[in-house]
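Engineer: Given chain L's structure and the hints, the job is docking chains P and Y onto it.
Okay, here's what each chain looks like letter by letter:
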Amino acid sequence: MIEYALGFAYLAFGAALVLNLWRLAQGPSAADRILALDTMVINGIALVILIGVSQATAVYFEAAMLLSLVGFVSTVALTKFILRGDVIE
Amino acid sequence: MSGAGVTIVEALASLLIVIGAVFGLVGSYGLVKLPDLVMRLHAPTKATTLGVGGVLLGAMVHAWGVEGRSSWHELLIALFLFVTAPISANLIAKAWLHREGADRPLPPTGRECGWANDDPPPDASESGRGDPPR
Amino acid sequence: MTDRLFPHPRLSVTLMLVWMMLVNEVSLGALVLGAALGVVVPLLTAPYWPGRPRLTRGWGLAGFVALVLRDVVAANIAVARLIIFHTNASLRPAFFAVPLELRQPEAITLLAGAITMTPGTVSCDLSADGRSLLVHVLDAPDPDAVRDEIKLRYEKRLMEIFP
Numbered sequence: 001m002i003e004y005a006l007g008f009a010y011l012a013f014g015a016a017l018v019l020n021l022w023r024l025a026q027g028p029s030a031a032d033r034i035l036a037l038d039t040m041v042i043n044g045i046a047l048v049i050l051i052g053v054s055q056a057t058a059v060y061f062e063a064a065m066l067l068s069l070v071g072f073v074s075t076v077a078l079t080k081f082i083l084r085g086d087v088i089e
Numbered sequence: 001m002s003g004a005g006v007t008i009v010e011a012l013a014s015l016l017i018v019i020g021a022v023f024g025l026v027g028s029y030g031l032v033k034l035p036d037l038v039m040r041l042h043a044p045t046k047a048t049t050l051g052v053g054g055v056l057l058g059a060m061v062h063a064w065g066v067e068g069r070s071s072w073h074e075l076l077i078a079l080f081l082f083v084t085a086p087i088s089a090n091l092i093a094k095a096w097l098h099r100e101g102a103d104r105p106l107p108p109t110g111r112e113c114g115w116a117n118d119d120p121p122p123d124a125s126e127s128g129r130g131d132p133p134r
Numbered sequence: 001m002t003d004r005l006f007p008h009p010r011l012s013v014t015l016m017l018v019w020m021m022l023v024n025e026v027s028l029g030a031l032v033l034g035a036a037l038g039v040v041v042p043l044l045t046a047p048y049w050p051g052r053p054r055l056t057r058g059w060g061l062a063g064f065v066a067l068v069l070r071d072v073v074a075a076n077i078a079v080a081r082l083i084i085f086h087t088n089a090s091l092r093p094a095f096f097a098v099p100l101e102l103r104q105p106e107a108i109t110l111l112a113g114a115i116t117m118t119p120g121t122v123s124c125d126l127s128a129d130g131r132s133l134l135v136h137v138l139d140a141p142d143p144d145a146v147r148d149e150i151k152l153r154y155e156k157r158l159m160e161i162f163p
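Sequence order for the protein chains is L, P and Y.
The opening position of the first sequence corresponds to residue 1 in UniProt numbering, with each subsequent residue numbered one higher.
The opening position of the second sequence corresponds to residue 1 in UniProt numbering, with each subsequent residue numbered one higher.
The opening position of the third sequence corresponds to residue 1 in UniProt numbering, with each subsequent residue numbered one higher.
Isolated chain L, as found in the complex:
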């Protein structure tokens, strides 16, 4: 049963990544692209967790955790760059 749920979830998050990619290419503003990248990272975290569930192992947890940390910091850095023209003042 879990295999079907995992298959559906892979498809859903894969489609979500494609939609994010479309928004990333389309823009129109820089903030839209940052939002698309932020959402892509979150969908990527979900995919990593799903791989961990399908292989019944905990080793993918660290990857997901680091991805969430790096995603947040990069979103903040990109928005700070737009707001201030500098990342670390």
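Take these hints with a grain of salt, some might be off.
[Claimed, not checked] Listed below are several chain Y residues computed to face chain P (Cβ distance under 7 Å; list not exhaustive): (1) Leu17; (2) Met21; (3) Ala80; (4) Phe96; (5) Pro99; (6) Val122; (7) Leu126; (8) Asp129; (9) Arg131; (10) His136; (11) Leu138; (12) Pro141.
FYI, nobody ran anything at the bench for these hints, they're computed from the structure.
Every residue, glycine too, gets a C-beta built ideally from N, C-alpha and C.
Structural biologist: Below, chains P and Y without anything else, positioned relative to chain L:
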């Protein structure tokens, strides 16, 4: 655990993962469909946090019930995403207001000064707690 | 003495719990290392904490978090329905300002986070003097009603926790 118990737990984990996947997809669909950045902001900040939250809960239920190992650290990722999602959304909205918001009429603040994006803080001792840093 | 050793007791307990969750086991080794981190990290970072929030009812915060979590689920369903079943033309987005009675920066941060995570609203900016919050709502025929609900539902509870 007995066979029937494992089946019920597995069904619960599957349900949580499917719910999470639906919300994740809807959030990204909203990102494409909605016409304007501040409106687009609503879709991913809400839907993807619950989407990943559902997947994480499903993974946790699966680890406890099916794989038989105790697992808490999924909650940590969910917690982190819930704490950071509003901050990312707020900063993206500010970046958009800074770049494209000039022609958008914003409501008045109801104070003497404008919004923080446009105006400097009036007086450092006025805002915040005002107690000196230790 | 205890004040100097534990400049931030709540942070120490949080760090210990987070460490135990991170290593994913409940054992004496994890507890000791977590406790050591709970002592060392607040000591090293104490100069960077500008002040301490004044909490009167710390446990009220748990009730507030539970309320927000419940609203997050409701908000997700509401926003998902808006995205799927409504055309873009039928949505009525609006900006509005929420005058704040809260004064502590931590309380305002919590309120802004709660607004972003709950039904159809995103907090966008703060007025320059920190007394007014700019909120965008996805679909509201009457923004004033949404503003009153935010003030009643979230700000009133936060006022009791952070006086």
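Engineer: Compare the structure with each hint and give your call.
Structural biologist: To see whether the hints hold, each was checked on the structure:
1. For Leu17 (chain Y), the suggested interface contact is broken, since its CB lies about 10 Å from the closest CB of chain P, more than 7 Å.
2. Interface hint status for Met21 (chain Y): upheld, as the beta-carbon distance to the closest one in chain P is roughly 5 Å, under 7 Å.
3. Interface hint status for Ala80 (chain Y): upheld, as the beta-carbon distance to the closest one in chain P is roughly 5 Å, under 7 Å.
4. Look at Phe96 (chain Y): its Cβ gets to within about 6 Å of chain P, closer than 7 Å, so that hint holds up.
5. With 7 Å as the threshold, the beta carbon of Pro99 (chain Y) comes within range of chain P, its nearest partner Cβ sitting at about 5 Å, so the hint holds.
6. At about 5 Å, the closest approach between the beta carbon of Val122 (chain Y) and any beta carbon in chain P falls short of 7 Å, and the interface hint on this residue holds.
7. With a cut of 7 Å, the hint placing Leu126 (chain Y) at the interface with chain P holds, because the nearest CB-to-CB distance is about 5 Å.
8. Among the interface hints, the one on Asp129 (chain Y) holds; its C-beta lies about 5 Å from the nearest C-beta in chain P, closer than the 7 Å criterion.
9. Nearest Cβ of chain P to the Cβ of Arg131 (chain Y): about 5 Å, under the 7 Å cut. The hint holds.
10. The beta carbon of His136 (chain Y) comes within 5 Å of a beta carbon in chain P, closer than 7 Å, and the hint placing it at the interface holds.
11. About 5 Å separates the beta-carbon of Leu138 (chain Y) from the nearest beta-carbon of chain P, less than 7 Å, and the hint is met.
12. Taking 7 Å as the C-beta cut-off, the interface hint given for Pro141 (chain Y) is violated, the closest approach to chain P being about 16 Å.
Hints 1, 12 from the list above are not met by this structure, while the remaining hints are.
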